Each structure stands twice: as C-alpha cells, then as structure tokens.
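Colleague: The lines below spell out each chain.
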Amino acid sequence: MHKKYDIAVIGGGHAGVEAALIGAKMGKKVLLITQNIDQTAQMSCNPAIGGLAKSHLVKEIDILGGLMGVAADRSGIQFKTLNRSKGPAVWALRVQSDKKEYSSFVRTVLESHTNLDIIQDEVSGLVIKNGVCSGVRTDINGIIHSRAVIICSGTFLKAVIHIGKKQIPSGRLGEKSAERLSKHLRDNGFETQRLKTGTPPRIAGGSMDFSGMEIHGSDDIIIPFSFRNKKSFLRQVPCFMTYTNEKTHSIIAKNLDKTALFSGRIKGTGPRYCPSVEDKVFRFSDKPSHRLFLEPEGLYTNEYYINGFSSSLPVDIQKKALRTVKGLERAHFVRPAYAIEYDYFPAYQIKLSLETRNVENLYMAGQVNGTSGYEEAAAQGLMAGINAVLKIDGKDPFILGRDEAYTGVLIDDLITKDIREPYRMFTSLAEYRLELRHDNADSRLLKYSKKYGLLKIRELNFLKKRLDKIKNLPEIFPSVKIKKDRLNAFLENNGLERTEEGSDLFRLLKRPQISIETVLKDGLFEESGNYSYYELKQAEMAVKYEGYVKRQNDMIKKFRKNESIKLPPDTDYSKFKGLKKEAAEKLDRVKPVSVGQAGRIAGISPADVSVILINLKAAGKI
Amino acid sequence: MIIAALASAPGKAGISVIRLSGTGSAELVRKFLTSKKMGKGFEYNRLYFSPFVNEGEFIDEVTVVFFEEGRSYTGEESAEIFCHGSPIVVKRILEALYEVKEVREAEPGEFTQRRFMNGKIDLVQAEAVIDLINAESDASYTASKEQLEGGLSDELRKINDKLIELISILELELDFADEDLEFTPKNEIAGKVENALEVIGKFIQGYKTGRIFRDGIRVAIAGEVNVGKSSLMNRLLKSDRVIVTDVAGTTRDTIEEKIEVHGYLLRLFDTAGIRETSDIIESEGIMRSKKILEEADIVLQVIDSTKAENIQEIKAGKIIKVYNKCDLKELPEETSSINVSCKTGQGIDELKDLIVKSVINADLTYKPYYISNLRHLNILKETATQLEQAKVSISESQTNEVVILDLRQALDTLGELTGETTSLDIINNIFGNFCIGK
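Chain order of the listed sequences is A and B.
Per my numbering, the first sequence starts with residue 88, numbered consecutively.
Per my numbering, the second sequence starts with residue 193, numbered consecutively.
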C-alpha cells in the first residue's frame, strides 16, 4: 500500500467499483476503501440488472469501458429481452443474477487489476484545505493522500433501518452505517437531506408452493449485455409469478399506522415508482391484486426475493399479509422486508462532471446524489472516475449531452430537477429516445471510448467494423429485388394484402408491419448469412425510422441552440434585470452551464429564460 | 438603471406624457418639483401639481403621479409626468432627466419589455401591446385588447395542455411497458389529436377575420376607365381627395385612404382603370391595380349604368357591382349589386353597409380565435401539419415513441406562441417592433 494515490474511492458498491476500475484502466493509481470487502458490488435489493431504461445505462457503461454489463452476463441465471413486440425505445434486457457470483466476479476483476488497491476501513473525514480535497482520514490507516476523492457511499451515511417500530442504525441489514462522514461534510459547507428506500422480504424456497404459479424462464436465444459476450455462463433458472389478493390488502390496510412511513417516523421520501406494498394498497385502493415475482437470489441459495412486496410493516404483519398469497401460505421469512433512511447530498452541489462545486477534486457518485438503482449508481461511478482522471491530467471534463446518452440525461436531471424521492431512470425522461436506444450505444458513444482510451484496441476495432457493416446494409437493401409472386407469398404468410408489383428489401422494411425477423424467417435476404442478427436489426431500424430520426435530429438541432449559449460560472444572477428573486437564487445555486440547462432547472419558467436571454443580449454577450 | 421617454405621440398636443421606470424614479422626479407640498415627501398613486424646475430654470407646470414597485405598468417603481403638449417643453424636460447619471433614454419597446420581464404579461400579450397601440378602429382595438387580456393565450394554453396530457398518457405507457396496466386505446388518442386539430383549424380559419379586425377591410375600387371610380372614392371619403377629370386614365397610381364604418376600418384603394395602354406610367399603375385586386377582401366593380353592356369580367374573390350614375339610369339590383350616384350621393350609405356585411358575417362580435398576427398564423399552420403527421403515425400503427415525436414537435412549435418555447429569435422578433416609450 502506498501513502499517496491518484484517486481514492470511498465505497465498494456499484458506483465505487466502476469509478475505481476505470481510474486504474486509465492508468491512475487507485485506492478503493470499503467497510467490508466481502460485500463488494453487493446487490442490496433485487437480484437483477437492467430492465426498462436501466438496460440503456448498462449498455452505455459497457461501451464506455465499465464492468456492469460483463458482470451481469457472467453471473446471469436468467436473460430476458423485454418488450420485443413494442417500440424500439422500450426494448430492454433484464438479467437475473446470482448475487454471490456477481459480487465475487467483480471483486476478482478489481483484485487482479494493476494500479488498484483495496482496503477494508472506514472513512471518517476528508483532508480539505482552502476548498481543495487532497485525501481521506481513515480509522485504521490514518490519513491517506490522493489527488482526487470520489464518494460512493450509497445508503450508508447516517443510515437507519426501519422494521415496523424497530429502528436499527445500519447501512444494509447486518452492516453498520457510516456515522461521521456526512456530518464532516456538513461542517465543510455541504447540505444533506434524508431519503428513504426499501427492500422486500427474502423467503426460503422450500417453504413455497410453486405449483400453479406462472413460470418465467430465460429467452430461447440469449443476447447478453456486453458486446464481448455471446452466451450465458451459468445454469439458467426460472422466476415465478403470483398475486396479492383482497385479503392481503385488508391486512395491510388495517395496519398502515404501524408502518414507519405512515406513522411519520421516516422523514425521508421514498421512490414513487418502486413503491412499498402498503403504498400500492393505499394509492391504488381500487386494484384488487398486485403482481409478485419470486426471483432466485442465486444458484447456491434457496432464498427468494419477493419482487413487489417492499414494506416497512412490523415483521409479524408482513408474515400475516404475505401468507395470504397463493403458494406462500407457509412462507418462511429468512430476512424481513425493511425500509432504510439515509443522508444524501442534493445534487445542485455537484457539477456535470460530478465534481463538487464547493470542494475541488472531490467527486460524488451514486445514491449519495439521490438516485436509486444499481445501474444509475454504476453510470455515475464510471463518469466520476473518468472525470477525476481527466482533472488530474489537466483536461476538460467528459460531459454527455441529453441528446447523446441516458447517462447524460441522468446527470443533468440530478442537478437541475428538484429531487424529493430517489431518482430512477425512466424512458420518458429522455427526450430523444428514438436515437438513444439500448441497442445502439456503440454508435453513439464509441467516439468517446476511443478519445478517452476506455476500451482495448481490439475491442474498438471490433465495434468499428460492426458499425461499418451496419452502415452499409441500407445501401445494399434496395438492390435486393423481390419479384411479385415471391412477394405475394411472403405478404400472405404474414397476413398482409397482396400487391400488383414487385418490391425490394429497402421498401419492404420501411413498412411498419414488416420486421427483419419476418424477412429472415422467410429467407427473403439470401446474403443474410454474412451478417449477425444484431447487425441486420440495426440496419432495419436505420431504414424504418429514417424519416423520424431525421425529424428528431431537427429537434436536437433546436435543442442545441440554447445549449450552446454558455453561462460562465461567475455569472451573478442577482444583477440580472427583471429576474425574479427566487429565480435568481435558484440559478445562483445551480450555476447552469448554458441557457438550455438554465431552462431545465426546477422552478425556472420559460419567461425567466427569456429574461436571461434579454440580459445577455443587452450586455452584448450574444 | 432608470429609463425615460415620451410615452404619448410626438408633436403638438394638449398634453404630453413622459414616463420613467426603475427603482428611484419617483425620488428623482420629485427633486425637479418645487411646489411646497413636494417638500414634505410624497405618496404613491396620487396626483401632484407643481412647477418643473431644472437648476433654477422653470420649464413647465406639470402634473405628476408616482407608482410603487409591483403596481405600475412595468412592475417597477415608476413616475409619469403630464406636461403641456409642446415638443419644446417635452424636449427640455427629457434633457433635464437624461442629465441625471442614473437615467437613460428608453429603447424601443423597453417599457413593455420590462413589463414582460417582471412577469406582468406573457409574450403573446406583449405582442398585443403593439397592436393595441397601433389600433385604428374599434374593431382593431377590441381584437388587441382581448389578446392583451389573455384571451388568445388562454385558448392556446388549453391546446397546449391537451397535447401535454396526450404525451403524458403515451409516455406513461412507455415507462410501464412491461407492467400489467391498461392503457388508453389508440383510437381514443387519435380522437384527441383530431380535437386539438379542430381547435387549431378554427384559429387558422379565424385569421382572415382577425386580420380584418386589426387591419381593416381592404376595399378595391375597380372598373373600366372613366366610369367614376375616383368620384366614388371621394364620395366615400366625403372629400375631393382624388383628382377627377373627364380624361380617361387620369388615375395612374393606386391611392389608399381609410374610413371607419360601424367601427370597422375600411381601407379604400382607388385603382387605375384597366385598359391596354402604351403609357409606361399608366401601365405600371395597371400592374399595381391587378395586385390590389388580388389582395382585396372585396372589390367594388364600378359600372357606368348608362353604358352597362359588354362589361369585362373582373377576376377577384368577392365583388360588389356598383352601378354609378343612378341619377341618370337605375339598373335592377341583386344581392351583390347596388345603384349609387356619386354626383348626388344617393346609395352611398347603403353601399358602406353592404361592404361591411359582405365581408364580416352577420355576427359581428369578436372571437378569441380571430388571430391577426402572421407569425401566429404560421406557427399554428406548422403545428397543424405536425398534428396531421401524428394522425398518420397512429393510423399506420406506429409505436408510441414515434407518435410522441410527432406530438412533441407540435408542442414545441405551439410553444413559440404560448411562450413555453423560448429562443433569442422569438424575442428579437417581438420586441424589435416597438416604438420608443411604449
């Protein structure tokens, strides 16, 4: 162990491991400090990676040199492509992972990487002098100097677990919370607030009756997250589905006052989209039942995660309620559901590079910034890691636009939106989602992987070659002529109307009802053997949505106009004529980088943006 | 910075109004006032009468009112000085004010710009201020007043909200694509798009009437040479504005004049009689006549009732046949023809009535969808095109993200009108059109 590092990363969760690994990959000396090395990249909640909008983040992480996609593939025990029959924006991959395997795979990668040290210790404070951070204070190893520090402490800051009326200071069930770091940062001018999240109970598999439940298995053809992988690595196992009923709901409704949340003991705000079961009963009181997914926690455990039954009810009520569900009548609770409340730093305090405004060389990533979810955390960890390296090298930060990546949307939202509950990635949050698909992260981000050296040369070449092939295909399609009789046979097979003349593959793929899959099934494209399914699908998208993508690009151009009007960080909004006091305060707080970003700040109206524009114009700045 | 400018029309008048706006403007004006009362301080929203004295030199006796912050035209502390309507007095008062370090001359539209910036009005209302100031008739006044009061904005905001609602429904579906939730059927979405289109269509249709409310009815007087077109113009104007001779082709250029009828502005265009001619000036006049005829809301085709045979057809939209010289010979009238005599004035009032009724429908009241601004029209037309595209996408059963793209584009475009979409171009466009002091 050295006494001086380039980067010190606090926390070994999904944000921390990405930050540490990319830092080391980019050639810096990195130290990862974790309270418990056995919990590296622990999946604290559900045993799955991806899903709607989140899988977009994983794909972006993969192209930008991150580990999450690879780790999910390596530990995947069920691969499911969601919404294949729906539009391209909502296609997503979800991988059920063996939690232990996920954690140990990540740990092995970190441990075997050069330039990367791990210690088990607790950070009580930072070394901050004149607004510059230059290291951390630890309990065992004392002061450790580093040129940059990245805080990825997740839900552990001043964390309290609530189970009914019971309160336990703990960052994850059975693990201690970090009691001092957030106070230390408050003393250094940071604002903290409370957030709440929760996790459902884990039930012993042997106590459940799966007969009569819906079985959800892996896809027939497995398409992994990472472009590096072609298949799954572990034995595949299914999930099961069952439903709550009116009896369940009435038990919960009768005991609402016993939950920590409803009785007001929890001050933090919980996520709206991943609500606790009592939330669902309370808010959707007319719905007689809710779905529950029973997800295996791993191959070598019998624990099941009860997706949909997150709760802060007392354990005896949880048991009583869950045992009304079909198949769970004799459910044995291995670990109860619980709610956790913790300190986070409202993200107006960080810049788009994830560096804090107050303290130079200090970065924050993950749940400390108010997000929820492994994928959201990992994306931030990766970006913070890259930017810490760039800062050390005296280079401009790497900032992804809202028009380039979900990662860009995520970070911009964190800073500009008034977040009152853990922020989760959603499809609707991205404006240009026809371009930001989960399957084209390479075409969007490869230039950055190359620029910042995030991938190996071999990987870059592979992706480059694949993209070239995709680009050429739409030019080949028009030359694939289909004669009238052949075409009509094809159309009839697919329940479509006959036609009077022949066509070509290009025109055929333009039709919304015809997909590349139907074309391949019918053998209409003889040369298809030269291309992978992935390449063909990408080319189909390019053809099918050509017109729409063009129009979306027009909107992106308009969007960029206001993005390109820069607002220097030393702008004094209180001096702006005609700007309302509250608006000026909000702008001074966030210090937007552009007029476009200013307009996205919660509480800034379009009229305020006009005022900013008029002021800039009056000052001759635009 | 305090801004000051003449707020009333320039030139001689009974009274002129000088307006100042900005923190400290009341105290600043008070220093020029020498009446005893002013020495004891002042209250807002009260009229004061006092001499206006600059460095010991008396300039004028003025009435002054001070407005407190938040309760003035601009929303800032303001003062208005009512002086005698002499250009010299105005000039000397303004010079005295501009000498003060904190004061500068207001730029065109700056008072209204400040009003906008202080959140008192939105962009559409700001545009209405221009129209209100330029109003030349009761109808034009009504139209811009309604817009200023937010009538137009309210209606458009409703469409705006409708589109947002639609987009939210579709986006919710995207966000919960893998949940077992029931969503709105596509034909219901299409129906809602159709509704929005209908409302926008109403606005687009209303432009023609709206423009008439604002700009008046364009009435072209046309006909063959020497049938009394200029005499009719003079009769309608009740003056000898246009030279009238017996020589055919006397009127060579187009002459425009305005009259008000039933609160509507009639813009009369006397055109050169159309005939083959070798005279270069006259043929240029004839060219212009043809253009006027194309743009007119209504054409008065003047016909000499004593020579009413073989009249050449005029190519134009609405036409009223005006049989002149009814003192000599009357012709049978139909719905769009009338007998008049420019010599005696017979039938002239009836003709004015007929013009207004032919152009504006029986219901002469103003509707909020009578838009009058070309910018507004173009935005609404573009919005409609994009909504039509959304309908096509739905009918082709395109997926949600595609339909949302159409709707978002429409919403963005409409936002240029409601002020939800802001860009430098729009702001320049609107505030560039003001006169100083407004």
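No lab work stands behind these hints, which were simulated from the structure alone.
Hints may contain errors.
To be verified - Taking lysine-lysine pairs in the DSBU-like style, the calculated list, with each CA pair at most 35 Å apart, reads: (1) A:637 with B:378; (2) B:583 with A:637; (3) A:645 with B:559; (4) A:637 with B:549; (5) B:337 with A:664; (6) A:374 with B:354; (7) B:384 with A:648; (8) B:583 with A:667; (9) B:293 with A:624; (10) A:664 with B:354; (11) B:583 with A:568; (12) A:664 with B:384; (13) B:450 with A:708; (14) A:662 with B:378; (15) A:504 with B:400; (16) B:483 with A:653; (17) B:293 with A:644; (18) A:667 with B:400; (19) B:384 with A:116; (20) A:504 with B:283; (21) A:263 with A:245; (22) B:378 with A:667; (23) B:583 with A:704; (24) B:283 with A:597; (25) B:283 with A:645; (26) A:504 with B:583; (27) A:631 with B:312; (28) A:653 with B:350; (29) B:394 with A:708; (30) A:637 with B:384; (31) A:571 with B:354; (32) B:394 with A:374; (33) B:350 with A:631; (34) B:350 with A:367; (35) B:583 with B:573; (36) A:668 with B:384; (37) B:384 with A:708; (38) B:350 with A:668.
Just so we're clear, the structure is a prediction, and the values are computed from it rather than from any experiment.
Colleague: Each hint should be assessed against the structure and marked as holding or not.
Modeller: We went through each hint and held it up to the structure:
no. : hint             : result
1   : A:637 with B:378 : holds (25 Å)
2   : B:583 with A:637 : holds (19 Å)
3   : A:645 with B:559 : holds (33 Å)
4   : A:637 with B:549 : violated (48 Å)
5   : B:337 with A:664 : holds (27 Å)
6   : A:374 with B:354 : holds (27 Å)
7   : B:384 with A:648 : holds (32 Å)
8   : B:583 with A:667 : violated (41 Å)
9   : B:293 with A:624 : violated (69 Å)
10  : A:664 with B:354 : holds (34 Å)
11  : B:583 with A:568 : holds (31 Å)
12  : A:664 with B:384 : violated (41 Å)
13  : B:450 with A:708 : violated (45 Å)
14  : A:662 with B:378 : violated (50 Å)
15  : A:504 with B:400 : violated (43 Å)
16  : B:483 with A:653 : violated (48 Å)
17  : B:293 with A:644 : violated (44 Å)
18  : A:667 with B:400 : violated (39 Å)
19  : B:384 with A:116 : violated (59 Å)
20  : A:504 with B:283 : violated (51 Å)
21  : A:263 with A:245 : holds (10 Å)
22  : B:378 with A:667 : violated (43 Å)
23  : B:583 with A:704 : violated (40 Å)
24  : B:283 with A:597 : violated (70 Å)
25  : B:283 with A:645 : violated (45 Å)
26  : A:504 with B:583 : holds (33 Å)
27  : A:631 with B:312 : violated (47 Å)
28  : A:653 with B:350 : holds (33 Å)
29  : B:394 with A:708 : violated (41 Å)
30  : A:637 with B:384 : holds (26 Å)
31  : A:571 with B:354 : violated (45 Å)
32  : B:394 with A:374 : violated (41 Å)
33  : B:350 with A:631 : holds (34 Å)
34  : B:350 with A:367 : holds (32 Å)
35  : B:583 with B:573 : holds (15 Å)
36  : A:668 with B:384 : violated (39 Å)
37  : B:384 with A:708 : violated (43 Å)
38  : B:350 with A:668 : holds (29 Å)
When the structure is compared with the earlier hints, violations turn up for hints 4, 8, 9, 12, 13, 14, 15, 16, 17, 18, 19, 20, 22, 23, 24, 25, 27, 29, 31, 32, 36 and 37 and for no others.
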